[in-house]
Amino acid sequence: MENNIKKILFVLYGDLSCNSAYHASSLANEMVKLGNECAIAIPANKESVWFQPEHLYEVYLFSDYEELMRWNPDVIHYWTPREVNRVFHEKIKSIAAKVIIHLEDNEINITMNSLGLSHEEVNDSSLEQLKNMPSALSHPVYYKEFIKKANGYTLLIDDLKEFIDQDKPSCVFWPAADNNIFYQNEHIDDEEKRKLGIKSNELTVVYNGNAHNSNYLEVRSLYVAIALLNREGIPVKIIRTGIDYVNFWGNDKSWYSEYEISLGFIERNRIPKIMSLSDIFIQPGRDDTFNKYRFPSKLPEFFSIGKPVILPKTNIGKYLVHKEEAYVLDVADAVSIVEAVKEIVNDKDFYRTLATGARKFYEKNLSWKKNAEKVLEFYNTL
Amino acid sequence: MIKIKTKIHTVIKILRRYGLRGFVFAIFNKLRGRTALYGVDDGLREAATVITYEEWIAKNEYNDAELQKQREVLFAYAPKISIVTPLYLTPQKFLVDLLESVCSQTYSNWELCLVDAKNESSIQEIVSSYSVRYNNIRYKKLECNLGISENTNQGLEMTTGAYVIFLDHDDTLSPFALYEVVKALNNKEIDVIYSDLDKITQDGEKRVEPFFKPQWSLEYFRSVMYVGHLLCVKKALLLEINGFDKTYDGVQDFELMLRLSEKTSQVYHIPKILYHWRISESSIAGNINAKSTIDDLQRKAVNAHLLRCQVGGTAVSVGYHRLRIIPNKKSYYPKVSVIVPNKTAPELISKCLQSIYGKTSYPNFEVIIGNSGTTGRKKISSRNVIEVECSKHCNYSEIKNLCAKNSSGEYLVFLNNNTEIVTDNWLEEMLFYAERNDAGAVGALLVYPDMTVQHAGIALGMGGAAGHLMQGFPYEADGYYGSLKCVREVSAVSTACLMIKKRLFFDIDGFNQHYAACYHDVDLCCTLLSAGYKNIINPNAIIKHYESRAGSETYNMVDRYVFLDKFWQLVAQGDRYYNVNLDLQKGNYQIGEQHKKNTFCPIW
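Same order as they appear, the protein sequences are chains D and L.
Numbering that gives the first Met the number 0 applies: residue 0 is where the first sequence begins, and numbers increase by one.
Numbering that gives the first Met the number 0 applies: residue 0 is where the second sequence begins, and numbers increase by one.
Chain D extracted, bound-state conformation (with noise of 0.2 Å):
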């Protein structure tokens, strides 16, 4: 098949310190490594590229407009249907490009969670709350026209398709991690964990993310087993970067203080080796409005370390090989995860089983180039 699409501009709800960022940076500079020309859009602060370890591409601002309709893209792909991503396009549909719409999670559930609004009231386009809401959330109303107006859609994880329109194409990738600094590491630095109070018959649990109003009930699952865990003969702390937006904790830390050690927010290239730290690594939660939906940033670093990965059968669980490549559980709740620890922590070989499917199934199945090979032959179907 001759590949016409060269120019693709992809456009961000958020400048490039935003949680999709590294997503679409990765797609694009891959995009570049093949030979394309790529650009991102995004609504304000350029010097917020320095936040992506590498940029090939080149940043536009939304303002810059007239500059990217000289340019003339032949793709322009939007970082999912948000509100300020949406007027942005009435600004630049004249392009005569190929728009397809990227989907990365329920956009209905975050504007309900972020506003706190019940279904019924989402839908409500009276409603005071949706008239100012920020720009940077999908409109329950308009996002359903903005869709519409796709020429196809990439996809984070195949639930998705129940968002988009039926009669168009659709391709589905996972993301993976950064292969520069994510690298499969068994060794456990026992000197850093000693830095960080981390006594040698503890065992480490690494959770990088923040706790917001979508997920701050899974955190607690993870923090509730690490203090049961703890409770129950097995000492264990857990290693906490990020931000906690939510109060998940209830009015006092003590129950589970003494097992935390919190980094707060940090570079993300320490990330990678305050998460080699970590004996297992754990994903709390369940299949529910909110993880059937989105493919969790963290799981292909997770898996990209090679260390016993505890996961709920939803979004990637489902296809993960449950005792092989994963820990699956039905409902990655507290009690499932220190079950599920106390079987991984008691068996040697059963441990080096799972660390060994892990990094197995991030080889196979996790990789930008892969990645944007896809979605480049996905471009020029249309």
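None of these hints come from the bench; they were simulated from the model.
Given the structure is predicted, the values throughout are model-derived calculations rather than measurements.
For every residue, glycine included, the Cβ atom is placed at its ideal position computed from N, Cα and C.
A few of these clues could be false.
Stated by the list, open to error - A partial selection of chain D residues facing chain L, derived with a Cβ cut-off under 8 Å: (1) E65; (2) E66; (3) K130; (4) S220; (5) V223; (6) A226; (7) L227; (8) I233; (9) V334; (10) V337; (11) K341; (12) Y350.
Since chain D is already given, all that's left is putting chain L on it; use the hints.
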């Protein structure tokens, strides 16, 4: 100066914790009138504040704009609702109030079927004046007064709707009553709907004494006519059971509901005030001793119902229109294993055992004591008890599970060692409910040594997790509309005295052994609820519980979060048997205001 210092301190705290971006969001939200960084206690309903009924009405009922919006709603399923009102010596003002309340309904597909057993011209004139404007008002004169049941049945014959609501001639409906009923019908397959109600003064000017009811509770209903008004029934079902039975005039609606409960379990409760019951001397609304034959008729109705249901008990009146079902004598008494964990305060075990053997009238039971690290105690040799030795590291769940494995009874009763039996037929009373097919856990009324209530059922959501209802109430009090006096369904019961079928106990894997000290009973009960079983509190089984009023010193936060982690969805749905409009902080049935979740969180 102090205020400025506090503000500076807050700013520094936010910056340290959330950085510049988080600080910006905090300001953003402050300007929008929201709390920037919220603390959502377990993500559930925040604790309510107690308010007056007037305040509750102002905050919770629809305003004019919302009522107008209701009129414009097009339901996918919009059945005709027939309202049946028998008239007899109806005061004119009452009739006008009734007609006004029906005609102002925001849902329009209704018909009003008036059946007049007295034929007063003044009444006919009033009806005619409304019929001119509303052609869905129908009127029928009866030759004579056939009694309330037959009069109502005559009204039923007039109906053409799919569902029927019964409206007494001196009462009124909320303007959104039919709207709420139809809204419910659009979401579920329902045969019977009932709602909350309040009372109106004689002049109809003031609304007082709301009754916020639980979700459908058959056991509670067998003891007290809590369903009352508003009652809406699928017409086909009413016809199937031949409507009202004149044998029970005076309690005809109570008896009707008993027969309906035998036909369907699709009974739905709307937790809104849809009906206003007028206070008058001649009605129970105004005088509980009105209709003096009520008790006898209710008793007969329940006994007939129990016979039809093949439930081996006999209803007796206990005053104030409350009933108690006395278990019949049995030909076979299954063995009951009474399990007493003896971990803390082992010095109390002797007193506990003395009361078990001294008081219990039940003829077939064994006592199993789970000793855990209780060294230095005297061996209990003079009683026919089985002692199971558990490791000193065992928690209560482990002790109880181990004892259960060593039991030979068909039923298990878990009893704290700091208890004393008060009523000698406690096991018969509890077994009567525990042996039902749909029974989960059955609990007893636990009282402090001063005979005030320590436990009368557990409501989910109290204190953000679960808590005891009616603590401190005198044990002989009626409670909230009979809630203390009557057997009723609850979300959970305390394991200080809890009975369960042994087979069922092991089907659900017993007590969750991850709890160190508390919540293992609530966990068990929630597991049973989730599996479709009913948990019941029987206040006729009374146990004295020597527990500190300050609460258990063994409260454990990790246990709390283990429970919430597993059951937060069940807790977030609200307690089925403790109305959403009641205060959850103290669990004493005062009116409370439940706050909605109000959150904002940055998504990057």
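Against the structure, the hints:
The interface hint given for E65 of chain D is violated, since its Cβ lies 27 Å from the closest Cβ of chain L, which is over the 8 Å cut-off. Hint status for E66 of chain D relative to chain L: violated, with the closest Cβ pair at about 26 Å, above 8 Å. A least Cβ separation of about 13 Å between K130 of chain D and chain L goes past the 8 Å threshold, and the interface hint is therefore violated. The criterion of a C-beta within 8 Å of any C-beta in chain L is met by S220 of chain D, whose closest approach is roughly 5 Å, and the hint holds.
Of the supplied interface hints, the one on V223 of chain D holds, with its beta-carbon coming within about 5 Å of a beta-carbon of chain L, less than 8 Å. With a least beta-carbon distance of about 5 Å to chain L, the hint placing A226 of chain D at the interface is held under the 8 Å criterion. Nearest Cβ of chain L to the Cβ of L227 of chain D: about 6 Å, under the 8 Å cut. The hint holds. Interface restraint check: I233 of chain D against chain L, minimum CB-CB distance 13 Å, threshold 8 Å, status violated.
Of the supplied interface hints, the one on V334 of chain D holds, with its beta-carbon coming within about 5 Å of a beta-carbon of chain L, less than 8 Å. Hint status for V337 of chain D relative to chain L: holds, with the closest Cβ pair at about 7 Å, below 8 Å. Nearest Cβ of chain L to the Cβ of K341 of chain D: about 11 Å, over the 8 Å cut. The hint is violated. Nearest Cβ of chain L to the Cβ of Y350 of chain D: about 23 Å, over the 8 Å cut. The hint is violated.
Checked against the numbered hints listed earlier, the structure breaks hints 1, 2, 3, 8, 11 and 12; every other hint is satisfied.
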